[in-house]
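Residue numbers (my numbering), protein chains in the order written: chain A, 1 to 291; chain B, 1 to 155; chain C, 1 to 796.
No false leads were slipped in.
A short, non-exhaustive set of chain A residues, derived as facing chain C with CB atoms under 8 Å:
1. D4
2. N192
3. I264
Read the hints as simulated data drawn from the structure, not as lab findings.
Note that beta-carbon positions come from the ideal geometry of N, C-alpha and C, so glycine has one too.
Each chain, letter by letter, is given below.
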Amino acid sequence: MRSDVAQFDLSAPATLDAVLTQLAAEPGKHTPLAGGTELMVALNTGRLTQHSLLSIQHLKELRFIRVQPDAIHIGSGATFTNIRNSAEIAADLPLLIESASWTGTIANQNRATLGGNICNASPAADTPPALLAYGASITLISAAGTRTLPYTEFHLSYKKTVLRPDELVHSVSVPRDFSDYRQYIRKVGTRNALAISKIALAALAKLDGDHIADIRMGAASLTDRPLRCSAAEATLLGKSVDAKDMDATVRAGRAALASETHTIDDIRSTAKYRSAVAGNLLEEFLRSLAS
Amino acid sequence: MSLVQLTVNGKPQRLDIPPMKRLLDMLRHDLGLTGTKEGCGEGECGACAVLLDGELVNSCLVPALQVNGSSVCTIEGVSTEGQLHPIQQCFLERGGAQCGICTPGMILATHHLLDKHPNPTLEQIQEGLAGNLCRCTGYMRIFESVQEAAKLGAI
Amino acid sequence: MVTHTMPQSDPILGASPLRKEGRAKVLGAAQYIDDLSLPGMWHGATVRSSIARGSIRSITFSAEIDWSQFCIVRASDIPGENTIVHLTKDHPCLADGVVNHPEEPILLLAHPEKSALLAAVAAVHIDYEELPGVFTIEESETAVENNDAARIIWPGSEFGGTANCFKTYLMYSGEKDETEAGIAAAFEAADFIVEGEYHTGAQEQLYIENNGIIAECFRNASGAVESVCVRGCMQCPYYVVHALTLVFNLPEDKCRVIQVETGGAFGGKEDFPSVIGSHAALLAMKCGHPVKIIYDRAEDMAATTKRHPSRTRHRTAVSKDGKLLAGTIDVAIDGGAYSTLSPVVLSRATIHAPGPYKWPHIRVKAKAMATNIPPHGAFRGFGAPQSLFGLERHMDKIAKTIGLTPEELRRRNFLATGDTTATGQPLIEKVDMQHLLTRALEEAGYHEKLARFAEENKHSSIKRGVGFAAFMHGTGFTGSGERRLNSLVYVDVLEDGRPQILVSSTEFGQGTNTILSQVAAQTLQLPYDDILVAQPDTSVVPNSGPTVASRTAMIVGKLVERASLQLLDNLREHEHLPADHTREEFIAAAKSFRAKHGELRASVRYEPPAKIYWDDELYRGDAYPGYAWAVYVAEVAVDLNTYMTTVTRFDALQEVGKVMHPVLAKGQIEGGVAQGIGYALYEKCVWKNGRMMNNQMTNYIMPTSADLPPIHVHFEETPSIHGPGGAKGIGELPMDGPAPAILNAIENATGIAFNTIPLLPEDMYERMSSFTDPPLGGTEDLDPSTDQDTRTEVTA
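Make a model of the complete structure from these sequences and hints.
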């Protein structure tokens, strides 16, 4: 334990409004703390530079899963366990269920929130690939009001997002109708559980006969932020997955994905491995469309 | 300092405590409940696992302020008046505990698992306990202990 | 001495009674060192080197800390010798002017508040004059070969060490000149000469309980230090006693050491407690209060001992009908910055290098090299996993080269009863490797899988394979080691008639308390629940030797059996205890004896049951009192999309003399196999300039319950004369087999020979996409300084 807890302050304003008022009054001074599965690790290892924290873990206003005809709205305070337990999300957004089950352990899933996972903004985060592939939008809230934007616009660069110092993530809204899409998601980590992503790929594709009528893909650990693989999507749109065309489609897809990939060597894995496996996952997905 | 009021193993507790103090340290130092262990301080090993409002959590990652108004169950709360809980009995009989340092967290994770899945498949057991690292057993005796506890209807 | 055979009625040995201290463990009531406090206790912390090698120019204490509140201990405060004694005295207790590895302890601080230490440690600024370091076996060797004085980092010692080289061994299967001639002739005549090089990496013990100590220092009326008392997690209380006698210049009976409940050890708490124990005691001495030092995970991983990395080179002359004609084996291990246990690890690596085979002529050359890394130490297996990895991979290579199956090659070369090992030890006790191999392959469905996988692999990107390893593990100390240890065991009968075992052998999960109680209960014909085991407190228990080397069951167990028999002899002779006594008769006789004599104690010293011949100079003779023999079979699935290997099934068959406690024994094998799987596929230490950079559980990858296969454990029993009921040791054996079996299976699955562990997906990918061999890259390309997700600390 490498921090002196006496040097940190944590308070828990009773309502969302009270939290937003405080964030607006002193923007940048306070750091929101939800489940703690990131910030408390930083505290334990002596890396928590923010000394004034606001607990938002108790806010019922942020912890919901609301199902509407066109979208499922997930509050930023929903835990991974909440997501896994949602029958509607299981029915409509299976890739999100899968992502939530990858994250750490049951004990961490019980505490980790969707908002925290998104705001920590690690390129290796588990939920963004599915959210990107599903075309989610994200709603931010402050004392001044709310704003909603496509989730693809949320991440700017390495751990930098559009979130203002006075804002919280309110919710993520995910369109529901993917019943005629093939869905794929795979995470490659250092082991089967309790693993940070070396690379993950979420993919959806709708076929029109043998041709790809629509395709969306989100990836983790391919660049400095969660990546919507637009170059690969653009190349693959309209391509044929018929047996005689598959090799060419795969080649084109791999090349396009490589063009938007900037993997790195780090303590866990290598750039070459990540790039190679990303291409392999894409190929695995594309070949599965043939059947 | 913040006032934190909670129930621990059925007993009400009232503490004046730094709000960012870890639940783990609150239990071990302020309440003298040393059954919950620290193995890593990162939420990786599960040795610090407790039940918070019935949910399994790693207490090294929970700040004290957030348990205000909550109910916590530690390993000390699993047995009743010195009578072993069936899960504890099974771990004892089946070799589920070797050095014992992961055992409190492992037993709470088992408790939590059987609560959700009274008749778990091996896969569910593996997933349920994946957040509790054991370096001694290779997990086989632990799986057997859990399966035996499930057979006894241990919940 | 009258001897009795083991009573057969209601055998306790061979049953699975409840773990002696198990109830406390499942209740969460067992007290580990961090659960304990002493009144007025202070907390201690260590200021450590941030460089690998150099001299200390200055140490400054920042003004923002009120240093008057702190106790500071330096090398100059050490009353005795500034050394952590092993076989040599090159290892300082605290660095004095020079440092030789990252994390080397320089200063100690103590304060009443643990949280105050954080800022204080950060406020000590050390200025160094850096010197070049060496960080691999090859770099260390090169420095010697090139006479590069700047990179001679260890000067040599009178204990057989030379520049950069802690120790060497040269072992021949016969007389030196004769054997060299035999080797030369065999290579001349051989149909095949097969060469291979095999590498193993460092491995962290990763006990879930970090190292910790509470120390006290007592002064007499005139203020002089009179005694110290150290308690904590450890394997060998008397090792710590010995260390303290030198550091404090006190006699043994003034250095009291108490082992408390220990949360895993695996060798990682064999020699290291002497370091942390001395440190806490020094702080207690200087501040006048008890001092507790507990490491957190990051410190424990970065600063304490690991398994020695190794390189094994084989050159083998083989006949076309698959007979080993001769071999030369070169083993090198990386010992880290100080000698510590390296000579002993090297010894075991050397003796195990030839494996369970007949070698007409063999020469093993071994060396332990110095590097600027925290000293490596004991880890379950202790040199044998390293050299057996090389051997069993090489045997598969030989088979492939000459066109025999791996199985057939083993069968043509296995040692059998009556044969002589490479050290010249006649195998008097029965050994049947042919049978073990047959049975292991049958249990694992090996032949059926070989055929099926070969077919299935053609149509799948997941390649499956099977592989095995055949090996043995010597139990007890090498050669005359047990005689030198001269272990002593007491069994007392207490006032209420219950026997209490007094040994320095410690429990850390492997079942010491339980099996020794079983032996006593069986021998004394008393209920298991009547037997007590005293806490290992050196003011009370005799020195039964260290809890290492798979010796506790066999050596100490035998002593407990003999002590129990001595008690019975005593009571039969003096209290007319009948031959087939009841519990009540025993208690009555014991009480009667005690009433007359004050106490009832049996005291026995080690005596080898048969003559043991061992020549320490020539390294020839009876290397170990006993061997456990084994064949392990691994089944793997290699996913060529992710290059990840999963072990899908594991079969572990071993002949162990006697299974003393089936549940405990299974648990030992399963746990060892799990560590072996980690050793082979997951557990990589990522170094930068001698410092372990992935010193967090999130980045040091140990298998979870979701990663391990079903592990099937099978036992056979051929009783040995050395252990109680015929038992041999099993603690380390399961560490030797998994890694070579798994890599053999991977070769079967993929057709590619991988010879370095840990084998990570990055390494497999690199090899499969590379033209060079060895491939450039793989985990060589890991960047230890970059960790965007968990941002491991990089100290200044």
